[in-house]
Amino acid sequence: MSDTLEGTAHGNGSAYGSQPRKEDARFVRGLGTFVDDLALPGMLHGAVLRSPLAHAKVVSVDASAALAHPKVKAVITGETLAQRGMAWMPTPSHDTQAVLATDKVRFQGQEVAFVVAEDRYAARDALELIDVEYEPLPAVVDARQALSPDAPVVRDDRPGQENNHIFDWESGDAQRVAEVFAEADVVVEQDMLYPRVHPAPLETCGIVADMDPVSERLTVWSTAQAPHTHRSLYAQLTGIPEHRIRVIAKDIGGGFGNKVGVYPGYVCAIVASMITGCPVKWIEDRSENLMSTAFARDYHMRGEIAARADGTILGLRVRVLADHGAFNATAQPSRFPAGFFGVFTGSYDLQAAHCAVTGVYTNKAPGGVAYSCSFRITEAVYLVERMVDLLAGELDMDPAELRMRNLLRPEQFPYDTATGWRYDSGDYPRALAKALELAKYDDLRAEQAARRERGELMGIGLSFFTEAVGAGPRKYMDMFGFGMADGAELRIHPSGTAVVRLSCMSQGQGHETTFAQLVAQELGIGVDAVDVVQGDTDHTPFGVGTYGSRSIAVSGAAVVTVARQVRERARLIAAAMLEVSPDDLEWGDGRWFVRGDEELGYTLAEIARVAHSSFEPPEGVDAHLNAVTVYNPPNLTFPFGAYLCVVDVDPDTGQVKVRRFVAVDDCGVRINPMIVDGQIHRGLADGIGMALMEQIAFDADGNHLGGSFMDYLLPTALECPSWELGQTVTPSPHHPVGAKGIGEAATVGSPAAVVNAVMDALRPYGVRHADMPLTPAAVWRAIQGRPLRSDVAIT
Amino acid sequence: MQVPAQFEYERATSIAHAVQLLGKYNGAGRLIAGGHSLIPMMKLRLARPEVLIDINEVAELGGISRVDGELRVGALVRHTELLDDDEVAQLFPILRDAEKVIADPIVRNRGTVGGSVCQADPSEDLSAAFSALRAYAVVQGAETQRIVPLRDFFVGPYETVVGPGELLVELRVPVRTGGSSAFLKVSRRAGDWAVGAVGAAVWLDGDVITEVGIGLSALGARNFVAVEAEDFLRGRSVSADVLGEAGRIAAEHCDPPVDQRGPADYKRHLAATLVTRALQLACRRAGREV
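These protein sequences, in sequence, are chains A and B. For the first sequence, my numbering gives the first residue as 1, with consecutive numbering after it. For the second sequence, my numbering gives the first residue as 1, with consecutive numbering after it.
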């Protein structure tokens, strides 16, 4: 079902293509090295005491009984940290977050104390010996109540903070929107919630911190998607100079954004190692991961879409209430408090658009954008794709036809959106047409009509998405004040094999294979001849890590750039070897050769050997074949795709069965199509999970109702159909090989297709909308006209 | 990491030995078989037994057999054994239906029939299935053995008649001809606990229902059964209306718990739907199309 690569100017050569992942040789043997596999001599074990209450004053913390436990080495409390000025830490969104509570606890599961013991059993036992006196406070759980005058104030630690308001942010042109709405024949409005969900990586977060009291060097092994950022933050927090801190991320068992930030447990383990002089391990358990680490979404949205009677969409207006939890710790480029939500105009040619987002504090865990979301594009795509379907329903138009009528046309690229984004490249109608063709759309609609006659509920849902990935241009984006450029270093050994050092860090994406393919392609050497080094701040160049689908888009571009620099150096040396002008040389089949005389030339390996020999390089040319670069992306890349989902719904039980899922993705040039397909499979499963089962709700007291895998459901193979993938290839014009990121596209695009399909199935009942997750109960209640709320406990 | 509190460990070698160990620790010991409920509860420290008495090597507790007109299922029979047994599936399709949707293969490989029933989780599937079949539980104490109808076995959530010095030895299901059975479950995802599940067994004489058993799980039915619906059906001729009414009666007598799996009105509706559908399927399997 694969097309041949189009856009051949952008490197489709022998090194690209599907091939098994290098890293799988160890993974399939169970020989990966994860943080919890690490055992150092004299290592101690930490455990975190967490608040059982969502909101309470901390009156006292008495650790004396725990300290009397024979195996306990230390107990760290908020007080311990306050003495070192470390009770609070900065967040990526210019807020602060409590490392250990001193004044209040602000969400259930918040960190209160940290026990260090000889083994993990004793550490857990000792948690029960710590006596914390709480004075319970009313909790604010419902984001819609957060700004009411009688709501309890979550962040009374912040000077001048007298309510739960965090920010107001706008994008687009409100005036222009008002004008086009006034001209419209039809305006459709809908409230919708993108519920709070969790990335839930199979490996939870963890750390081993080892402070060497003699060398005063701190070594940290952790599950860090962004090792360099972590190092800088640790330096800032502890006062240890940056060059004496080394952060190492070995294998990571999934991240999805969950492992971008620094968590209190990490800081506590570091302090514990500083206090005890021993290495300290802390591994989060499943409930801790689900209850306290970075969640995603929790966007209460109101969309309005305006159109002419013929289906021409004119404008879109969105109002969002964003629940950020107790601390504003969303990990996203700081210039936009709502991340990249401004892409909510989606894939359509709109005259005007405007959104207004208000962020609020609640007594819930902090976090915000984690979970394969490209910094809020998931919410934006869901919103616009639901609105387009609602409009189709209102106009009684086929949703495919309505989309085709309004999609951006290829000649409009690069396209400047009504909210200030420049889409780099795309052929949207081609992708949608392909999805419809793969699905045999007309046949599906005919089948649906026949089934409706028999009283059976079948639904067909479409979604078309535009992603914005590869953050990002340094002048617009930063994280913790660090510009989002990526370094790369390449060294060719005398024999012509290579080692490339990345600033990003795989959590399962296959960097060791894909990045080797990039280098191999540029230098004409074997993929096996390229070693990829990542995840060690002592051995890799600076960069802000892997998330937001930025690895290929930014780090990949850095690697291609550095490989081309090496190739150019090789050209100069080859020219000297051949005693010709570099201008007379041509690159092809992995060799520099004299133009017009292909016999006369050298491979990279031959050049490398000479470059390391007694051969005198030409004046001004360094010997050896090494290079270092930093890539600052000129723009984001904009992958896109057309998805189609077919469901069957049982009206009496409310059960939804996803029968088919067709996904046509365009992520530009594909380096390793097998890995790309794997990424898409994962994201589609994610989409089914979010659409049908994943949710974190809270009861009125702020108790977390999704704190285990019995309560927080991840989809299994049984909920997933056999994915039907297709592709188009529209290279990015500014990426050196035309690639765009693919890590999150399917997560972004798929939930809307599933929900649209279920709503399409329920059309005979007049159902317009129901919020995710569409559990059996939620679907049945929607049919009854009494939809469930998915952010609060079911009553 | 979640780790349990400290506990002692004993390994029983026979039923008598297990009973003796239970007596020795006088209520402080907990039997462990598959451990798929107990160990997670211990890791969360919701359960803190002082002693675990491991019965996994007690061979007498295993095995499925047919003796004197009864199907006997040892307490230590793993879910997967019950699932794979063709004679069981032929006699009582309800059991294979139920086992197919209990948790996942990993749990089924280790989890036991006796453990499931003794856990008395209100959402447990086999409790409903065996109750529908009017099974008996054989309970061994230090002095005596008791045979308890399964419908009298459950005292309440997570509580059974098995005393501190006793253990469940086996379940016995009377084998009767002229009927069939079925089990249906709605869950949010494969492997999740039931939002609601219903097992039904019917015995027919022509069109007339001579005996019927209806078991419900997760729907707040007393002792996992719908006695009122059974009473309604007994002696009536099979029809779509009659089976529909049985569903309505069963739902009326349920008191479904409200949780994140659904509100009470939905679960009550689900009870009616599943009771009717399970009865229809059981009748169809017994040769009577509805």
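Note that these hints are calculated values from the structure, not bench results. None of these values were measured; they are calculated from a predicted model. A portion of the hints provided could be inaccurate.
Derived BS3-like pairs: lysine-lysine, alpha-carbon spacing no greater than 25 Å straight-line [claimed, not checked]:
hint, chain 1, residue 1, chain 2, residue 2
1, B, K43, A, K71
2, A, K434, A, K71
3, A, K657, A, K434
4, A, K440, A, K657
5, A, K657, B, K100
Right, here's what the structure says about each hint:
1. B:K43 with A:K71: holds, 20 Å
2. A:K434 with A:K71: violated, 64 Å
3. A:K657 with A:K434: At roughly 24 Å apart (the allowed maximum being 25 Å), K434 of chain A and K657 of chain A satisfy the hint.
4. A:K440 with A:K657: holds, 19 Å
5. A:K657 with B:K100: holds, 18 Å
Of the numbered hints given earlier, the model fails hint 2 alone.
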